[in-house]
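Engineer: Read off the chains here:
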Amino acid sequence: ETGVTQSPTHLIKTRGQQVTLRCSSQSGHNTVSWYQQALGQGPQFIFQYYREEENGRGNFPPRFSGLQFPNYSSELNVNALELDDSALYLCASGGQGQGNTEAFFGQGTRLTVV
Amino acid sequence: GNSVTQMEGPVTLSEEAFLTINCTYTATGYPSLFWYVQYPGEGLQLLLKATKADDKGSNKGFEATYRKETTSFHLEKGSVQVSDSAVYFCAPSGGYQKVTFGTGTKLQVIP
Chain A
1 ETGVTQSPTH
11 LIKTRGQQVT
21 LRCSSQSGHN
31 TVSWYQQALG
41 QGPQFIFQYY
51 REEENGRGNF
61 PPRFSGLQFP
71 NYSSELNVNA
81 LELDDSALYL
91 CASGGQGQGN
101 TEAFFGQGTR
111 LTVV
Chain B
1 GNSVTQMEGP
11 VTLSEEAFLT
21 INCTYTATGY
31 PSLFWYVQYP
41 GEGLQLLLKA
51 TKADDKGSNK
61 GFEATYRKET
71 TSFHLEKGSV
81 QVSDSAVYFC
91 APSGGYQKVT
101 FGTGTKLQVI
111 P
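So the protein lines, in turn, are chains A and B.
Using this note's numbering, you'd call the opening residue of the first sequence number 1 and step up by one each time.
Using this note's numbering, you'd call the opening residue of the second sequence number 1 and step up by one each time.
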């Protein structure tokens, strides 16, 4: 158990809709990262939040956005869903500071866009 | 940025065979190195880690040694089991847990 929980576990949405995925990190973990893992691929970095501010972003369009809250929870929002957004979305959290390198992953949310 | 190269899969082995999955990386600075495992239909689990050169990470019979000279972190296990069938990801991680993943190596162990 990593202490990182994601909800929901599975989700089906229609193209063009909006979706919010949620993550609850371990207490004390003030860094949260989100990854997209398409079928048969490795996880791709979407963005990271550190102390509620964006701290790096991968090659994803602005319709992917996030929020981090003081209670160690966070959200990934995706607008105008496309079929290619179908993937496993992983949340990872970690401890304080630049020196912390270990990421603790949740079990993921599997999003299907139809 | 960081990058990682793993051997192409799938790797198919008979039970009790010796396993090696090669991993080389490029990175700025001195990242920590991790192996993650993903069982079918599940998320990522940390298998083992090494945080500095010459460290050996080990867990559940798996081992990997951080080789700074060759920028490698090869995964080995002396005797694989059917239950080891999964996808394995080598992943360097820099500050603030900036983890880089490759495409992974699928391992299939047959009885």
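Don't read these hints as lab results, they were simulated from the structure.
These numbers were taken from a predicted model, which means no experiment stands behind them.
Careful: at least some of the hints might be erroneous.
[What the hints assert, rightly or not] Beyond 12 Å from chain A on every Cβ pair, some chain B residues (computed): (1) Val11; (2) Ala17; (3) Glu42; (4) Lys49; (5) Gly61; (6) Ser79; (7) Ser93; (8) Gln97; (9) Val99; (10) Thr103; (11) Lys106; (12) Ile110.
[To be verified] So, partial list: chain A residues that the calculated Cβ filter (under 8 Å) puts toward chain B: (13) Gly16; (14) Ser65; (15) Ala80.
For each residue, glycine too, the CB sits at the ideal point set by N, CA and C.
Engineer: Each hint: holds or not?
Structural biologist: Okay, the hints, checked on the actual structure:
1. Val11: 15 Å, holds
2. Ala17: The claim stands: alanine 17 (chain B) keeps its Cβ more than 12 Å from every Cβ of chain A (closest is about 24 Å).
3. Glu42: Answer for glutamate 42 (chain B): violated, closest chain A Cβ roughly 6 Å.
4. Lys49: 7 Å, violated
5. Gly61: Check passes; 21 Å lies beyond 12 Å.
6. Ser79: 27 Å, holds
7. Ser93: 4 Å, violated
8. Gln97: Label violated. Min Cβ-Cβ 4 Å, cutoff 12 Å.
9. Val99: Non-interface label fails for valine 99 (chain B): nearest chain A Cβ at 5 Å, not farther than 12 Å.
10. Thr103: Answer for threonine 103 (chain B): violated, closest chain A Cβ roughly 5 Å.
11. Lys106: 9 Å, violated
12. Ile110: 21 Å, holds
13. Gly16: It is violated, given that the least Cβ distance between glycine 16 (chain A) and chain B is near 28 Å, above 8 Å.
14. Ser65: Hint on serine 65 (chain A): violated, closest Cβ of chain B at ~19 Å, above 8 Å.
15. Ala80: Violated. Min distance 26 Å.
Violated hints, listed in ascending order, are 3, 4, 7, 8, 9, 10, 11, 13, 14, 15; each of the other numbered hints is respected by the structure.
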